[in-house]
Amino acid sequence: EAGVAQSPRYKIIEKRQSVAFWCNPISGHATLYWYQQILGQGPKLLIQFQNNGVVDDSQLPKDRFSAERLKGVDSTLKIQPAKLEDSAVYLCASSLEFEDEQYFGPGTRLTVT
Amino acid sequence: DQQVKQNSPSLSVQEGRISILNCDYTNSMFDYFLWYKKYPAEGPTFLISISSIKDKNEDGRFTVFLNKSAKHLSLHIVPSQPGDSAVYFCAASAGGTYKYIFGTGTRLKVLA
Chain A
14 EAGVAQSPRY KIIEKRQSVA FWCNPISGHA TLYWYQQILG QGPKLLIQFQ
64 NNGVVDDSQL PKDRFSAERL KGVDSTLKIQ PAKLEDSAVY LCASSLEFED
114 EQYFGPGTRL TVT
Chain B
157 DQQVKQNSPS LSVQEGRISI LNCDYTNSMF DYFLWYKKYP AEGPTFLISI
207 SSIKDKNEDG RFTVFLNKSA KHLSLHIVPS QPGDSAVYFC AASAGGTYKY
257 IFGTGTRLKV LA
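Here the protein sequences come in this chain order: A and B. Taken in order, the first sequence gives residues 14 to 126; the numbers are from the working numbering. Taken in order, the second sequence gives residues 157 to 268; the numbers are from the working numbering.
Just so you know, the hints here were simulated from the structure itself, not pulled from any lab data. Among the clues, some could well be false.
[To be verified] Derived BS3-like pairs (lysine-lysine); straight-line CA-CA distance at most 30 angstroms: (1) B:Lys265 / B:Lys212; (2) A:Lys75 / B:Lys255; (3) B:Lys227 / A:Lys57; (4) A:Lys96 / B:Lys265; (5) A:Lys57 / B:Lys212; (6) A:Lys96 / B:Lys161; (7) A:Lys57 / B:Lys255; (8) A:Lys24 / B:Lys227; (9) B:Lys193 / A:Lys91; (10) A:Lys24 / A:Lys75.
[Claimed, not checked] Now the stretches of chain A that chain B is said to cover, found in silico as 3 or more residues with beta-carbon under 8 angstroms: (11) 33-41; (12) 72-81; (13) 86-94; (14) 109-117.
Just so we're clear, the structure is a prediction, and the values are computed from it rather than from any experiment. Beta carbons: idealized from backbone N, C-alpha and C, even for Gly.
Excised from the complex, chain A in its bound form (with noise of 0.2 angstroms):
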């Protein structure tokens, strides 16, 4: 069974640049989540989909992140304008259910300088 798939993995950008991460979930996971993991903490939920609805975007910075999720499956995170305190790892995962166990993927690296 293939995991969940993420790119790009690293990226590099200067501040009040935009970016996008992309998140393939594991096929037929209904529940996809997006974390942000800032260097020594541990990941931060920012939104939650169930299927292509949000169930929780309540930690999302609105103001400059967006995410959304086309038909159910893939899914995409946006930054616009990016801040030097966005840099971190940005973690795609996905569940069968709400109430299953989690898979993560490697991550993307968002470096903005």
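Please arrange chain B on chain A, whose structure you already have, making use of the hints.
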């Protein structure tokens, strides 16, 4: 406000000995707890979980203990192996939400 705390950033243990990783939480509404393991350049992988109705859960070399009165859980690895060297995160969720709050992680190094 750090609701899940792992106060030891790192731990070194000799191969074959027991590793004990600790986690404290402040939110009494948490009723489901998990441990994840993370290798460099990989995403976290699920290790073991425990519901608040239990005080112990075992899976092979891994055992998680939950002390609800102390709001404390621990992960025991016996015997420790060099391949166990990784960062371990505890996480908690409340009320069947399955929205995980993660601790800051403990880096375990098992010395051969």
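Against the structure, the hints come out as follows:
1. B:Lys265 / B:Lys212: Holds - the C-alpha atoms of Lys212 (chain B) and Lys265 (chain B) are around 24 angstroms apart, at most 30 angstroms.
2. A:Lys75 / B:Lys255: Holds, at about 19 angstroms.
3. B:Lys227 / A:Lys57: Given that 30 angstroms is the threshold and the Cα spacing comes to 21 angstroms, the pair holds.
4. A:Lys96 / B:Lys265: violated (34 angstroms)
5. A:Lys57 / B:Lys212: Holds, at about 26 angstroms.
6. A:Lys96 / B:Lys161: Holds, at about 27 angstroms.
7. A:Lys57 / B:Lys255: The given pair, whose Cα atoms are some 10 angstroms apart, holds under the 30 angstroms limit.
8. A:Lys24 / B:Lys227: violated (39 angstroms)
9. B:Lys193 / A:Lys91: OK: Lys193 (chain B) and Lys91 (chain A) at ~27 angstroms, within 30 angstroms.
10. A:Lys24 / A:Lys75: OK: Lys24 (chain A) and Lys75 (chain A) at ~21 angstroms, within 30 angstroms.
11. 33-41: violated (count 0)
12. 72-81: violated (count 0)
13. 86-94: violated (count 0)
14. 109-117: holds (count 6)
Hint compliance for this structure: hints 4, 8, 11, 12, 13 are broken, all remaining hints hold.
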